[in-house]
Amino acid sequence: MGNFFPRWVNWIPLKVIFCLSVVGMLVVPAVWYTATAKYTRVGYEPQQPIPFDHSIHAGQLGMDCRYCHSFVENSKHSNIPVAEQCWNCHKAIRTESDKLVKLREAVDKNYEGYTGERLKWVQIHETPDYAYFDHSVHVNRGVSCMECHGKVNEMKVVRQEKSLSMGFCLDCHRNPEKHLRPMDEITNLDWKPEDVDRHEFFKYLAEKTGKSAKDFAEGYKVKGKELPLTKEDIGKGLKEAWNVNPPESCTACHR
Amino acid sequence: MKRKWQHPETPDTGRQYWRSLGELDETPEFQSWLEREFPQGAAELAAPETDGGVSRRNFVRLMGAATALAGFGMTSCRRPRRFLVPFNEHVEWNVPGNPLFYSTVKPRIGGLGGDPLVVTTHEGRPTKVDGNRLHPAVSGGSDAFMQASVLDLYDPDRSNNYLAKGGKSSAADFTDQFLTDFQKGVGDGAAFLVGDSSSPTRNRLLKDLKKRYPSAEFYRHEAISHDGCAEAQEILFGKGVRQVPRFDRAEKILSLDCDFLGLDRIGEDPVKEFTQGRQVEDAKGKVAKKMNRLYVVEPAFTLTGGMGDHRLRLPASQILKVAALFASEIAKATGDAALKTAVAATAGRVNAAVFNQKWIIEAAKDLAASKGKALVVAGSRHDKEVHLLVAAINTALGAYKGAKASLQTVNTGQKEARLPGIADLAKKMKADMVRTLMVIGESDPIFDAPADLNFAELMAKVPVSVHLGVRKNLTAKAATWHVPGAHYLESWGDLQSATGIYSAMQPMLLPLYNGLSEIEFFIKLLAEPEKAPAEGDKEAEVAHVAAIEDQPLPGLAEVKKTFATLAKGDVKKAWNATLRDGYLDKSKFTEAKAKVDLAKVTSGIDGVKLVDMPYAESIEVVLTTSAAVYDGRFANNGWMQEVPDPITKLTWDNAALLSQATFDKLGLKEDGELMEVTVGEAVIKVPALRAPGQADFTITLALGYYGHDAKGQEVEIGRVGSGVGFNAYPLKTTAASYVVRGAKVVGTGKKHILALTAEHYSMEGRALAREVTLDNYEEDPSAVQKHGMDAHIPENISLYKGPDLMNADNPVNDTERSNPWNFPFRVDPDHQWAMTVDMHSCLGCNACTVACQAENNIPIVGKAEVLNGREMHWIRMDRYFTTLKQEDLASQFRKGDGDRPGRRTVDDDSVEMIPQLIGCAQCEAAPCESVCPVNATVHTSDGLNAMTYNRCIGTRYCANNCPYKARRFNYFDFNKRAIDQLRLGPLAPAEGNATTTQQLQKNPNVTVRMRGVIEKCTYCVQRITTAKVAAKAKARESSDVQVPTNKVQTACQVACSADAIIFGNLKDPQDDVNQKNAKASPRNYELLKYLGIRARTTYLGRVRNPNPSMPGAAKVGKATSEML
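Those sequence lines, one after another, are chains A and B. If you read the first sequence in the working numbering, its first letter stands for residue 2, the second for the next number, and so on. If you read the second sequence in the working numbering, its first letter stands for residue 622, the second for the next number, and so on.
I should point out that these hints are in silico values taken from the structure, not numbers from a laboratory. Glycine residues also receive a C-beta, built at the ideal position from the N, C-alpha and C atoms. Treat the hints with caution; some may be incorrect.
[What the hints assert, rightly or not] Simulated restraints on C-beta separations:
| id | chain 1 | residue 1 | chain 2 | residue 2 | range |
| --- | --- | --- | --- | --- | --- |
| 1 | B | Met1631 | A | Tyr34 | 52 to 58 Å |
| 2 | A | Ile18 | B | Asn1417 | 52 to 58 Å |
| 3 | B | Asn1135 | A | Tyr68 | 36 to 42 Å |
| 4 | B | Ala793 | A | Gly44 | 51 to 57 Å |
| 5 | A | Leu171 | B | Leu705 | 39 to 45 Å |
| 6 | A | Tyr68 | B | Gln1620 | 30 to 36 Å |
| 7 | A | Gly44 | B | Asp1661 | 37 to 43 Å |
[Stated by the list, open to error] Chain B is nowhere near these chain A residues, computed Cβ spacing over 10 Å in every case:
| id | residue |
| --- | --- |
| 8 | Val17 |
| 9 | Ser56 |
| 10 | Gly60 |
| 11 | Asp65 |
| 12 | Arg67 |
| 13 | Val83 |
| 14 | Asp99 |
| 15 | Tyr133 |
| 16 | Arg160 |
| 17 | Thr252 |
Chain A with its partners taken away, still in its complex shape (with noise of 0.2 Å):
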């Protein structure tokens, strides 16, 4: 018998495995870089025009979130505060601070230097154009800064702490009793739940809601026995008393 397959066909298996290697070199990486935490910049962590600490800020000196960032309540985005209000504490503070250099050429009319040129902070937490992220609903029904931004309050430099991606964003809509606190402590990055009184916080949930605070005492006991209430008894209870829904829907964030 002679041969059915012509010579070239020898080579075809090895071309098979060359094609499927180079696939498979691409994908590895391709895979790999997506899968890891670089991929969403956790940890970005870029330099500002001004080493602006919020360490001391919002830590030591224990200014709230909304000194500076003033609109969060009121508008979709968290604004950059203005450099003048930079200007308002710091034309009596620490003026003449090297770091503080770029400020006073954008607002101190007096200072040689100044150009009256606009601070260009670089942006850290980012959601894509086609996500529409509104932060006043969410600092306005009880997810603090925290969720998204981490322990600001403990960062020299800031950085991107979780994944905004859209599994993040999902996890909390579909449990969002994991992350909500105390409307007074929105902006407490330092709040614990071992704080809350649980007596008090019954009645807070029975006033809300018109049942009674017994019942709600009830709920949170294991075998007849009172528990420190866990920051997900304390979501569960203000997600009932508010009314808590998070929307799931594309519509929610795509437009």
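Following the hints, put chain B in place on chain A, whose structure we already have.
Structure of chain B alone, referenced to chain A:
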């Protein structure tokens, strides 16, 4: 299980509905539109390479190159660094991310008052204009021009520079070489040509100018003028008295060629007033007997004619005769001897036999029967004689009488005579008596002045000419000096409405190109010559610049000065209130309570020339305002060029409209055939277009298209408007401005392709647009719900029923199957959105279509792509014509003509029009959702049919499966590329819309879609989300998260002057959408209900109010049943 199902016999109402003559003829082109989503071949790369098209080979090559290049530099692996740049100092009212709203006012085109506005600005950019709903006299709706005017602000081709003889110049040159010298003189040999305006400040400054330059002369010019009407009023009432119709007070209205619902907006807000008078039900849903009745006499279909209960088609030249006949008939019916004697001489000269006498007699009787509540209006294009006759008729009908007079007369306080017109100016120019000509305003006299004046030549003779305007039009280029104008969104000003309500015009931003408003220009002329600082004197120069910068805004100062004379009490408080509310409270002209002296009417009309009916050898050409470009000032506005004409559905062109009979008589072969129209020495070539309901031997031709010049060269007017359409101004003369008689018309056999959208997205037959008569409606209010197949819909046994969104406890019929991850589909218990479109009020005016375009960042696609059926408008304004069926005639025609079926005849006398707005209906069991392979279109918890652009891969299955044909596909990067660069390869740099100021207009809350994705109406989901967010943010610790009643309004709803669109929350019982005039109305019906898709957008049927004694009344308002 297969069910056999028989349609019952349809009742024969004797009427048939159709959208185009092609549909009536059942042409293959129409069949193709009907059966295919897009016409055959449109989806392929059809354009030849020489036309900038891409061959297949080239396409593959470019795609390969693009893919390869994409890998270099790993560009997609690094996200770009982005910066957040806050202001240095606080900006008042500015909250980053939140829009700011300003009240202002826009000059109503044509100079008759103003349209009060609320302008939305995002970070200082005006993005959307809407009517002011607080204003006492207007509805707060819009027209298409108003909506599109914001695009003109960002027009990349608008005037951005001083020009000297068409070349670049500067403000300094203008001041040095012209202004200073002019200011030193007294205006010797100077002539000002200004537009009409109702701005008190401008008119005051004009008077000041006359004082400052006593030798200068002043003239006025508007391409579309209201001279006849104004002259008649001056004869009857004297100077400064104006009559204002109140359509809401009239029960019977006769329009003599007056398109008051469309392009001839007389009075305050005719659409709102007319709609109020036309309501079928009162607020409680009871049938109100007060619904008005509208008679229309007109040469071509207009929006007014479409709303009419009875319509008579007649050449415009015959309106005078008809007015005389009406006068004598009404005199007879009311027994008014005075009127009879006043018009006897003229009416006696009219040969009544050529008209449909019964129509006139019965209509006159009906009007007379409603004496005191009847109103007759005449079109602005007509001469003063028609208006005098109409005034006499109105007197006999008691329209001027009483506290509730349907014709108010107000005293504007103006004591001077009207300025002389452009013809007088031309005489002076011819005699070389004008040495400095100032052309100020929005019209373009070189283009639009009467042709017999030869204005271009005359202007070339004038030694110095100055033009001020926003557009770089022909006059701007020809003038010695052109001064860039400021758009109304950039300038301080003021306007008074028809009844004198004062509104302040405030700017949203500084002029983009340092333009001057008319007021600022006048201030400049009034100022003393500036002393320029000596050269080299640095200190003086600095002081000079500082002095200029420190000056308060000159326009504002003058406006405030006028305001102080008008406001009563605390001026500052009143000024702030005016800026906030958009009008000055209690500012109104005094009532004149004028009476019509019939002797003046008699002397005015005595001996007026009556003309004969046109005939084939002497055709009448009616030059009309264009619904797209007005008089030409919107020629470079892409939104207006592309929005289909409300009647003809023509885009990117004007055409000569003719009736079928005229068409046949002239031996024309097909729509779009170029004809040569000769009037005297003027010859123009225009494409023919058959228009149902057109008067015979009358051509209707829209003005304002720049087209090509006599040599066949494109007239340069901007990247959108150059070479578009056909210039009709050569036919306009001083003697015959708008009605040109004695035209010779010959077909040339050549064809111009017209981009008509009438057949696009056709839904074939079926009871879509429904109407009944008032009598039917009283008998059976829910009659429209039984039209077509709706009377006998079998039970829906479909397997997929979609979620039951109205019942939060029982959300899904089959959770596990509907999504494999087993997340429960949650239903929003507080919000379910829905819309109702009241076809009874809807005129079909396009305001909603353009408003939607502005709100939702919808691009234009250009004529070539419209021809491919790729227009992107989310709101499609379908327009149906209905005619009497004449089966016997139809079969005769059908016999001959080879293979093709012969034409069915159109009875032009009985044509009615009915528009229908179609957008995505947000079906609960949406057919589009089940076919999307990537879940890019899914249902939301609040009942929307969501479209997620970033997920769409462009299979277009959804568009194929949409029964309403409401989905649009981005075939090209329409938002990124200019319309003439769409077919460039993927590597070509974007030089189009993305790089111009036009992107400043974009709404930041709506994704700008890219090539390859489907889009459609979303019920303005950005507004819904914003409202829901606001409700939740406000709720804070409360559990009440429902959006307040009627808080969400869609862009189209806000834009509608007739309040025909009602949108709201089904879960809120107080919401408008649940009321008697919406979902709870017996006229409420669902389109294609038998498909079982449960559309959230429903329609209210139209009710017509025919007069039973009129000829043909039995066939009026017999809707839809033929549309099975």
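Over 10 Å to the closest beta carbon of chain B is the bar; see if Ser56 (chain A) clears it. Given that every Cβ of chain B is farther than 10 Å from that of Ser56 (chain A), nearest at about 20 Å, it holds.
So the hint says 52 to 58 Å: do the beta-carbon atoms of Ile18 (chain A) and Asn1417 (chain B) match that? With a Cβ separation near 57 Å, Ile18 (chain A) and Asn1417 (chain B) satisfy 52 to 58 Å, so the hint holds.
Run the C-beta distances from Arg67 (chain A) to all of chain B and say if the shortest one exceeds 10 Å. Nearest chain B Cβ is 13 Å from Arg67 (chain A), so the label holds.
Range agreement (Cβ of Tyr34 (chain A) with Cβ of Met1631 (chain B), hint 52 to 58 Å): violated, 24 Å
Status of the stated non-contact between Asp99 (chain A) and chain B (beta carbon gap over 10 Å): holds, 20 Å
If we take the beta carbon of Arg160 (chain A), is the closest beta carbon in chain B still more than 10 Å away? holds, 15 Å
Over 10 Å from every CB of chain B: does Thr252 (chain A) meet that, or does the non-interface label fail? violated, 5 Å
Check on Val83 (chain A) being off the interface with chain B, judged by Cβ distance over 10 Å: Val83 (chain A) is in fact no farther than 10 Å from some Cβ atom of chain B, at 5 Å.
Is the hinted range of 30 to 36 Å satisfied by the C-beta distance from Tyr68 (chain A) to Gln1620 (chain B)? holds, 35 Å
Does the hinted range 39 to 45 Å hold for Leu171 (chain A) and Leu705 (chain B) at CB? violated, 26 Å
No chain B beta carbon within 10 Å of Tyr133 (chain A)'s: At roughly 7 Å from the nearest Cβ of chain B, Tyr133 (chain A) sits no farther out than 10 Å, so the non-interface label is violated.
Taking the CB of Gly44 (chain A) and the CB of Asp1661 (chain B), does the distance hold inside 37 to 43 Å? holds, 41 Å
In the structure shown, a violation is registered for the earlier hints numbered 1, 5, 13, 15 and 17, in ascending order.
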